[in-house]
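We have chain B; now place chain U onto it with these hints.
Those sequence lines, one after another, are chains B and U.
Counting in the numbering used here, the first sequence tops out at residue 577, every number present.
Counting in the numbering used here, the second sequence tops out at residue 1187, every number present.
Calculated directly from the structure, the hints in this document are not laboratory data.
Note that the structure is predicted; figures quoted are calculated from it, not measured.
It is possible that part of the hints are untrue.
Simulated pairs of lysine-lysine, BS3-like, Cα-Cα distance not exceeding 25 Å [stated by the list, open to error]: (1) U:Lys799 / B:Lys487; (2) B:Lys111 / B:Lys55; (3) U:Lys901 / U:Lys1003; (4) B:Lys489 / U:Lys1003; (5) U:Lys1180 / B:Lys157; (6) U:Lys1146 / B:Lys57.
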Amino acid sequence: MVKLTIDHQVVEVPEGTTILDAAASAGIPVPTLCYLKEINEIGACRVCVVEIEGKEKLVTSCNNVVEEGMTVYTNSPKVRETRKTNVKLILSQHEGNCPTCVRSGNCNLQKISNDLGILEVPYETQLPHSKSTKDFPLYRNYKKCIKCMRCIQICDKVQGLGIWDLANTGSRTTVDVSGNRKLEASDCALCGQCITHCPVGALRERDDTDIVFDALADPDKITVVQIAPAVRAAWGESLGLKREFATVKRLVSALRRMGFDYIFDTNFSADLTIMEEGSEFLKRLGNKEKETFPMFTSCCPGWVRFAKSQFPDMVDQLSSAKSPQQMFGAMAKSYYADLLGVDPEKIFSVSIMPCLAKKHECALPNMNDAGAGQDVDVVLTTREVDRLIRAEHIVAANLEEEEFDMPLGVGSGAGVIFGATGGVMEAALRSAYYLVTKTNPDPDAFKEVRGMDGWKEATFDLAGTPLKVAVASGLGNTRKLLRALQKGKVQYDFVEIMACPGGCSGGGGQPIKDGEELAGVRADNLYGLDKVSDLRFSHENPSVQKCYECYLQRPLSHRSHELLHTDHHAWKMPGEQ
Amino acid sequence: MSRLSIITQNKAQTTVEELYKDLERRIVASPPGLCPVDLAVSFLKVCHAQTCGKCVPCRVGLGQLQCLMEDVLEGNATLETIDLIEKTARGIYYSADCAIGYEAANMVLKSINGFREDFEEHVLRGRCTCELNQPVPCVALCPAGVDIPGYVALVAEGRYADAVSLIRKDNPMPSVCALICEHPCEARCRRNMIDDAINIRGLKRYAVDHAGDVPLPAPAPKTGKRVAVIGGGPGGISAAYYLALMGHEVTIFEQRKQLGGMLRYGIPNYRLPRTVLDKEIETLLSIGVKVETEVTIGENPNIVDIRNQFHAVYIAIGAHIDKKIGIEGEDADGVISAVELLRSIGDNEVPDFTGKDIVVIGGGNVAMDVARSAVRLGADRVRIVYRRRIPDMTAMPEEVQGAIAEGCEVMELMAPTHIEKDEDGKVAALWAQPQIIGEVRGGRPTPKAADAPKVRLECDTVMVAIGQGIESKSFEAYGIPVKRGVIEALSWSGIKDIPGVFAGGDCVTGPATVIRAIAAGKVAAANIDEYLGYNHKITTDVEIPKIRLDDRPACGRVNMKERDAAERKDDFELIECGMTHEEACQESKRCLRCDHFGFGVFKGGRIDKW
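Just chain U, same shape as in the assembly:
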């Protein structure tokens, strides 16, 4: 007999641990469109299995809630049942002894608040309001609806040019997206159920890197219709490309010296080399798009002039003005707006930061971009000040890690209070109030001032990267509806009561991602074509490889590698390394082909044309 013993897990426990991981991955891979009531009752069953059995509300109550919710699903309930579920859940929430009980009840309360109408639909009509409209998770989650299983299969067959052609059907900028897409497609990849999501963006990169020059399809016969696209960013270029492909005559009006929008004036060369961007734009324009640079659509010419000269107009001006932080000393010499800095770099006006001590304010991708650019421009020290914690940053985790690897220091939980100037009016320091992370509001923990004195961060330059706004005023003045700074457009890109004027991208949604801008351009192109009285179909003759019947045993995901931090931090060359042939072969064959296996073979597995 021993007083204490080392606890070791038995086989059952280790297996359960494994099952937990399986379940976690499975939840990640949940397809969109499932019945929320059905899911809620399934979760409740898991919660109930966790109960220790001591207390009444949790031991009995969670089970009774399940029965009531099953009644709803089985058509044995009335509207009063929903009230009873709510009342019971409230009782459990108030009286359960520990979180196993009250948080389970809270999930039920959230469900009723969040989708009561779905509960009611089940009660009243014995049906669910949900439908599985798009069964292939990656395609469903790609805003542009790119045929991902199709091009992944093409990569597996070594048909890289075909892969590029197939991508271009829905997204004309595969080279750009191969490098900087935020790949929402990977989020719910069904492969998660086995091991991990497919590295879709990496495979796209392999395809574009190895495809050579892929010719564009021939445009449709000329329609004689003229369309103006205001803004030469990814959204405007995409709309222009598809409209030109449909046979319309398109002119892009661009405010700056060059096309590309945020791709050029927001994203540094080390993430998206200019050579790649220039080539992609050049290819797309070669279909016959006219471009007028350094033309601002504001007073003269204004949107009404443009509308009068063209049969239709697409406004895709993006979100290019910087937001002010609004603290004392912001006017100091040495305070730089991140947007302006990246814009100058975009036009090759590169500042020299040799010996500078820089503080960057912000936690988004732009903050990382300017911090990492500053390192490359010779800065002595770069600190990133953010008022929340690192995991709360909106920047992609790999961007944050990259910045740290390149020597940037991240100071989390620091809220800037003012900028101290020296006698010459130059930045001397940034003062910040240390924060403590607090209450969760709207699903996100919010910081509040900690009981600690302000800190003085001595520096000579402050870069503000706290978001962008939209130059919508000159459009509003001419009757384009604007709400809270963004242009109000409908889901099909049209503008209410103004026929022939369309808008989309960042200027409608606020700053978002390149793929959303591209998707908006695609939607606008389709609806402008329709508005002009046509129904051109965008399609491709690429034949999708047939299915391989191989088993798909668990296999790790190939992640992208980066150049060594010590080497890359001194230049602006591309950081990310492409996959090797061996890696691309293995990774592409991991795809489960949800277009064929599962629901995809029945409905919506492939949209051949739009």
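Okay, chain B solo, but in the shape it has when bound:
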């Protein structure tokens, strides 16, 4: 233990503790800006500087550790003035148009600047000249970037893709796409983790809310919206709602007020995915000699982008099943149009996703199998739907619960857990077990694959056959797993991959709380919903059963193949052969 004094308080902390953590343990929060625990501890912004008695220079508290007998001042006159100067310098190179910024009210720079009582900046405003492309789902505003380097670090250290890097040197140093590439020509997986870890509004999704407003205003369009599993665990966060209050049924109510004609649940198509992907897996298992294992899940488009650009040799091992979003889109403009008796061209299909890559996925050239334009016309992130609610002046706290529309509003607990890492695997195993044995397993029989570990593995007994499965989330973990597979160090039958750490609940389209990783809490919420669900098995979803009976006939049928499966080779990643 090391004993020191911080702001006249005696503090005792373990050796190796940073001054920042030591101060926090004494109830003294030192403001930080660039700091992101274990990911970005580089002391770039110099906001967390503190004074150490006897030393002329100030030191950053985020990445320097305590020493025995040290006397630290976190708010001495020297610190106060220096910290303020540094924040003003940052502001001088930051486009501070807060009223038009998506992060207004949820911006660390804004908060620090307000807290320090900075009312004017005595320096000339200097903004960079680089321009972003507006049509890519990921948008960087160079004028707002404060060069905290978090995006570089999250992409390097957690996602292992190295999309962002410093560009230029000296006074013109900025953050840009590595290797002098353009973002749209890079192998960015569109996971959006750089967005959720940006302390300001320099990174955001392409905003598609206006397209949705236009569609809602168009009397000739029938607006159909689907809500992804993980959205329900997070949508209330940025609206100030308590987690238990922010149920999906209240989101349904909000969407109905906005004027959506039909509000459905992506859980329905998650269950459909299980039927298709599960059947495909069992088919591949039955043909063990000819197939290459493991089979990979394909519902995460960030993962599909990653696989295509980083491990092209493994693309054939991806399940051909579309993601639940795209399955839903295809069904909405075929089966559901039939049910309504309308021309599918009239249907405007919206999806609400915790995800950026879905914005790219819906626009892929082959995602139009229902024959009425894009199967999903527009994708909104959870953050965008929150902005819609606010734009419509809907008082979220006054919302009552309302039911989904039928029949595509029915989803099982197995569908709900798609939103957490391991959930797809668990849901698939529940139904695979049934498909093989014709009896239901204990719904919690496969819970070993739950949890926030980045790389999990388990072996289950499937009617006498041992089944080795693995689950990875986060692309850094994914790369490790795939390399181990390539080297023959591990062998699996079935692998679930999610690009975002923690799965969709930690998705790049989810609400942002600076410095907090909420994937785990949100996942707990989803598992809670599964637990209390009357339906725990995808194959028991009555709407799914009905849909096969009346329309698709059976999993992997010809029509299923047409609508619910895809060819991952039908489009190319930048640089893909």
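Chain U only, in chain B's frame:
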């Protein structure tokens, strides 16, 4: 009123003088990888501040050039802007009245010629081609990438054995390098910005002198792969050591009686004592490297035989043949090749030069080595004849100063023309043409014959030390590509289209430094391991000391001291004295820890393994 007055500097002027010095040191400490256009425009701004304001091209033109170059950097330029910059700079160069203007314009012209593609990248893509890949200057400039801030911090903590282990991760010969490394690491030390570079080599020496016996790490399990290393110099030994550490079975084939290459057969004992060299080699071989001495890979066995007997081969034969000067009388009795002399001394065949009057031709380290050895072997008089000036010598300045201190006379600007023989065919004198230093070509002033008569330097021995060549013929004969005398190897040490054969060190680069040979051995070891189908990692479990948060006020650099010239010139014992404990403590604490402070904490501050 007085007619004249004494000029004294006012406070502003003295401060500016100080700032000039600060700036000079800062430029010395420029890290590699900065945007050249950005730097060029910054220099131009300094140049412009120097203008007296009289003439148009300099007063106006330098400012306009800055604006145009800023446009390039800010993305407001087109390709035509670059042409306009060039045209304007040319105009200034042609018409400025004094050097303040035309030399500033010349710098811009040089910039455009030197890195036009970087200008274009800024114009076309608004980006720079440069990246700060390795932010710790000393590590970046050490060819072997030794973790210098790490071991300097270990010295500061008194953990000398750990310092040696850490160095060995990237450079297996710390004792040798502690004495004779040319320390490129010190060149851009960030400490220059405050006062002066850290004495890194001196600290390494303190570490090895006080570490005691430091055990080697345990080698990886045996792979059963056999690797031949041709040449037992520092590069070959380094490759052999790392390959053995990776579990491969390594055999070194050495042409001479003992291992060490130029360390033994080129560098005198007074710079690198044999005891130190022998101990270092012995330690490294103890990991399990086989050695076959007095085997020449030429006709029998030849490189193809060796390749067939081993899974991979590393050629590290160095540069051991002397170059002839090509003047009349070179065949005289008493003309000695420096390389041969040092080679005999290396095998303890020590000649006696008592009473000799010796002239050494050359200005490199080898010339200094033979001159200083000759002094120690009893020579009456030793003169070093060099056709350029002393500052132009390629020898390290301390070597030249050492030679002078020991009584060698340096005759600069003298180009040897022929050697005069007596009736017995023995050397009688060296004739030389006095030179005048002239035009700068390729950044170096070149000498030409002065309008003065030739001089006769009476002597009985002439030592030729004008460079070394490579015995590459017998390799070329068996298909190894050779270009201008050096073996052609790729940047990863492989040889094009000949899988399993690698080459590096002096035989690839031409005569260079020990640390470059060691680095080449390291690169070869990694790529041979990869070629053999492995990915062994070389690492260490030494924990790097945590950062000290002390202020770093300006403090002079501790330089190495040498034994008194009068005493040392009579023996071959080590000249250089190590630092005292007090000095090592102070010097090691001067380190700014660029691995933690600055860019190093963000990217590339430490490479734990390779």
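Index of numbered hints that the structure contradicts, given in increasing order: The structure breaks hints 2, 4 and 6; every other hint is satisfied.
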